[in-house]
Amino acid sequence: MKKILGIDFSPKAEIALLKILGKDAYIQYEKFQETIRIGDNDMVLLWMDEDQALVEQKIGKLRCACNFQNIPIIVMHDQPRDIPSQPYVIAGATEVLSLSDPAPACRNIINGYLIPGREPLPEEKAYLDPFIRNTCHILKTMAGMDAVFKKVYFSNAIRIFGDVSGIMGLSGNSEGTLAVTFYWDLAKTIIARMMNTEEDQIDAELIHDGVSEIINMISGTTKKDFVGKPHHFEITLPSVVVGPGHQIGYFQNTAAAVLIFEVDGQAFALHVCIKPKSAAA
Amino acid sequence: MKIIVADDSRLVRGIVEKIVVSMGFEAVPAANGQEALDLLEAGGIDMVLLDWNMPIMNGMDVIKTMRSDESFRQIPVLMVSTESEDERIRQALEAGAQGYLPKPFTPEQLTGAIRRVLSMT
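Protein chains in written order, with the numbering used here: chain A, 1 to 281; chain D, 1001 to 1121.
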């Protein structure tokens, strides 16, 4: 049975939601807290407060607590008027739903987001494995940190929720984009460890620079593993994007594999969108 | 002994400079190949640590310029780069680098590589 975390629902809203979902899902209700944990829930439903800024803030915290997993965050309300979803989606929500909409429509939308993502195919696993291995190796060698690969999912979304991404454009036999995304605190910890210094010595410029160098190393070392194979690529100079919810353009009609790692109890993500040219044509 | 540390990454320059200094040498930073050449022109340089991919002038162009200039021909070069394919290493060595260290590296690996290159000259 799918597990849903319902946040800030009133008893009246809980009853309305039960009518929509029936007994198809297990819903655990909680009040929002700064330190909220998403755990193994498959979805988050957030009841919309009247204060839009506060809701956006909560969405941002919830998205961060998802640790880069593609857990849908659906904002719910019972107002009959149409509420623009854009500010909430920008903050990290997946959808805004009104309980005043027909129940079957709400049920279908929620169930649609609960369909699990697919597992990587063997041929996808073959080209993703070197990225996983090299990412862990780089953090171990340069920062003395043990990164653990946790999971992978495929995403067509071009939005990345994290604070800072290092991006590498790929060309040559294969085309695409690689991006490594961190939340600020973890990026700072890693860069400090790489430089063998205290975190208070690490400024924003060093974080930008370090994240750029990390994607440079991941690309460079993995490129070697693809010599003579269809996924071989050439690298360019990396760039860095900063800010929550930033967008990264992927190759058209190509899903990116999002590899989630954990190090020091915090998550980071490597986005791999790569397509051999023969397949891209 | 004065060693140029040429890398467009401030982070990598910082890491490498610390290691160079811990070996008892003086580290002179350069953010691209052109800056490295300018430092060479100023004189007093005993070794160059070079990244491959840098803006303005890349590491390979620096090596080629150094090897075609009588004043810099004898100065040893250690390439330190994420470009780790055998073909790239061969190209760098053929162009005139004395050593090649792929990133990522441990302090011990960099120290060993610098010592090896210096012992060759």
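Be aware that a few hints might be false.
To be verified - Under the rule of at most 27 Å between Cα atoms (straight-line distance), these lysine-lysine pairs were calculated in the DSS-like manner:
{"no.": "1", "chain 1": "A", "residue 1": "K151", "chain 2": "A", "residue 2": "K3"}
{"no.": "2", "chain 1": "A", "residue 1": "K31", "chain 2": "A", "residue 2": "K12"}
{"no.": "3", "chain 1": "A", "residue 1": "K224", "chain 2": "A", "residue 2": "K151"}
{"no.": "4", "chain 1": "A", "residue 1": "K140", "chain 2": "D", "residue 2": "K1064"}
{"no.": "5", "chain 1": "D", "residue 1": "K1064", "chain 2": "A", "residue 2": "K224"}
{"no.": "6", "chain 1": "A", "residue 1": "K140", "chain 2": "A", "residue 2": "K3"}
Unchecked claim - Ranges of calculated distance between the beta carbons of each label pair, as one might list FRET restraints:
{"no.": "7", "chain 1": "D", "residue 1": "E1108", "chain 2": "A", "residue 2": "R133", "range": "35 to 45 Å"}
{"no.": "8", "chain 1": "A", "residue 1": "N196", "chain 2": "D", "residue 2": "G1044", "range": "40 to 50 Å"}
{"no.": "9", "chain 1": "D", "residue 1": "K1002", "chain 2": "A", "residue 2": "G39", "range": "37 to 47 Å"}
{"no.": "10", "chain 1": "A", "residue 1": "P122", "chain 2": "D", "residue 2": "K1002", "range": "27 to 37 Å"}
{"no.": "11", "chain 1": "D", "residue 1": "K1018", "chain 2": "A", "residue 2": "N253", "range": "58 to 68 Å"}
{"no.": "12", "chain 1": "A", "residue 1": "H137", "chain 2": "D", "residue 2": "G1112", "range": "45 to 55 Å"}
{"no.": "13", "chain 1": "D", "residue 1": "R1090", "chain 2": "A", "residue 2": "K61", "range": "50 to 60 Å"}
{"no.": "14", "chain 1": "A", "residue 1": "K3", "chain 2": "D", "residue 2": "R1115", "range": "52 to 62 Å"}
{"no.": "15", "chain 1": "D", "residue 1": "R1067", "chain 2": "A", "residue 2": "N253", "range": "44 to 54 Å"}
{"no.": "16", "chain 1": "A", "residue 1": "R133", "chain 2": "D", "residue 2": "G1044", "range": "52 to 62 Å"}
To be verified - A few chain A residues that don't get close to chain D, going by computed Cβ distances all over 10 Å:
{"no.": "17", "residue": "C66"}
{"no.": "18", "residue": "P104"}
{"no.": "19", "residue": "Y113"}
{"no.": "20", "residue": "R133"}
{"no.": "21", "residue": "H137"}
{"no.": "22", "residue": "I138"}
{"no.": "23", "residue": "M142"}
{"no.": "24", "residue": "F149"}
{"no.": "25", "residue": "K223"}
{"no.": "26", "residue": "K224"}
{"no.": "27", "residue": "L237"}
{"no.": "28", "residue": "I260"}
{"no.": "29", "residue": "K277"}
If you're looking for bench data, these hints aren't it; they were derived computationally from the structure.
Think of the CB as a built atom: it goes at the ideal place given N, C-alpha and C, for glycine as much as any other residue.
Against the structure, the hints come out as follows:
Taking the CA atoms of K151/A and K3/A, the gap is about 19 Å. The hint holds against a cut of 27 Å. Under the criterion of a C-alpha separation no larger than 27 Å, the hint pairing K31/A with K12/A is consistent with the structure, at around 15 Å. Of the pairs offered as hints, the one joining K224/A and K151/A holds, with about 24 Å between alpha carbons and a cut-off of 27 Å not exceeded. Of the supplied pair hints, the one linking K140/A and K1064/D is violated, its CA atoms being roughly 34 Å apart against a limit of 27 Å.
Distance restraint check for K1064/D and K224/A: the Cα-Cα separation of roughly 24 Å lies within the 27 Å cut-off, and the hinted pair is therefore satisfied. About 35 Å separates the Cα atoms of K140/A and K3/A, which puts this hinted pair outside 27 Å; it is violated. The beta-carbon spacing between E1108/D and R133/A, approximately 21 Å, falls outside the hinted interval of 35 to 45 Å. As the Cβ distance of N196/A to G1044/D is approximately 28 Å, the hint placing it in 40 to 50 Å is violated.
Restraint check, K1002/D to G39/A: a C-beta distance of roughly 56 Å breaks the suggested window 37 to 47 Å. With their beta carbons about 53 Å apart, P122/A and K1002/D fall outside the hinted range of 27 to 37 Å. A beta carbon spacing of about 46 Å between K1018/D and N253/A contradicts the range 58 to 68 Å that was offered as a hint. Judged by the Cβ atoms, the range 45 to 55 Å given for H137/A and G1112/D is violated: they are separated by roughly 18 Å.
Taking 50 to 60 Å as the suggested C-beta distance range, the pair R1090/D and K61/A conforms, at roughly 51 Å. Against the hinted window of 52 to 62 Å, the Cβ-Cβ separation of K3/A and R1115/D comes to about 57 Å, which satisfies the hint. Distance hint check for R1067/D and N253/A: the Cβ-Cβ separation is about 47 Å, which falls inside the suggested range of 44 to 54 Å. Checked against the hint of 52 to 62 Å, the pair R133/A and G1044/D fails, with Cβ atoms roughly 43 Å apart.
For C66/A, the non-interface assignment is confirmed: its Cβ lies about 28 Å from the closest Cβ of chain D, beyond the 10 Å cut-off. At roughly 54 Å from the closest C-beta of chain D, the C-beta of P104/A stays outside 10 Å, upholding its exclusion from the interface. Once the 10 Å rule is applied to beta carbons, Y113/A is consistent with being away from chain D; the minimum gap is 39 Å. Under the 10 Å C-beta cut-off, the non-interface status given to R133/A relative to chain D holds; the minimum distance is some 13 Å.
Taking the minimum C-beta to C-beta distance to chain D, about 7 Å, the non-interface status of H137/A is violated against the 10 Å cut. Non-interface call for I138/A relative to chain D: violated, since the shortest CB-CB distance, roughly 5 Å, does not exceed 10 Å. With a least CB separation of 5 Å from chain D, M142/A falls inside the 10 Å interface cut-off, contrary to its annotation. The Cβ of F149/A lies farther than 10 Å from every Cβ of chain D, with a closest approach of about 17 Å, so its non-interface assignment holds.
With a least CB separation of 7 Å from chain D, K223/A falls inside the 10 Å interface cut-off, contrary to its annotation. Listed as a non-interface residue, K224/A fails to keep its Cβ farther than 10 Å from every Cβ of chain D; the least gap is roughly 5 Å. Its beta-carbon lying about 6 Å from the closest one in chain D, L237/A breaks the requirement of being farther than 10 Å from that chain. I260/A, annotated as away from the interface, keeps every beta carbon of chain D farther than 10 Å; the closest lies near 21 Å.
Residue placement check: K277/A keeps its beta carbon more than 10 Å from all beta carbons of chain D (closest about 18 Å).
The structure is inconsistent with the numbered hints 4, 6, 7, 8, 9, 10, 11, 12, 16, 21, 22, 23, 25, 26, 27, although it conforms to all the rest.
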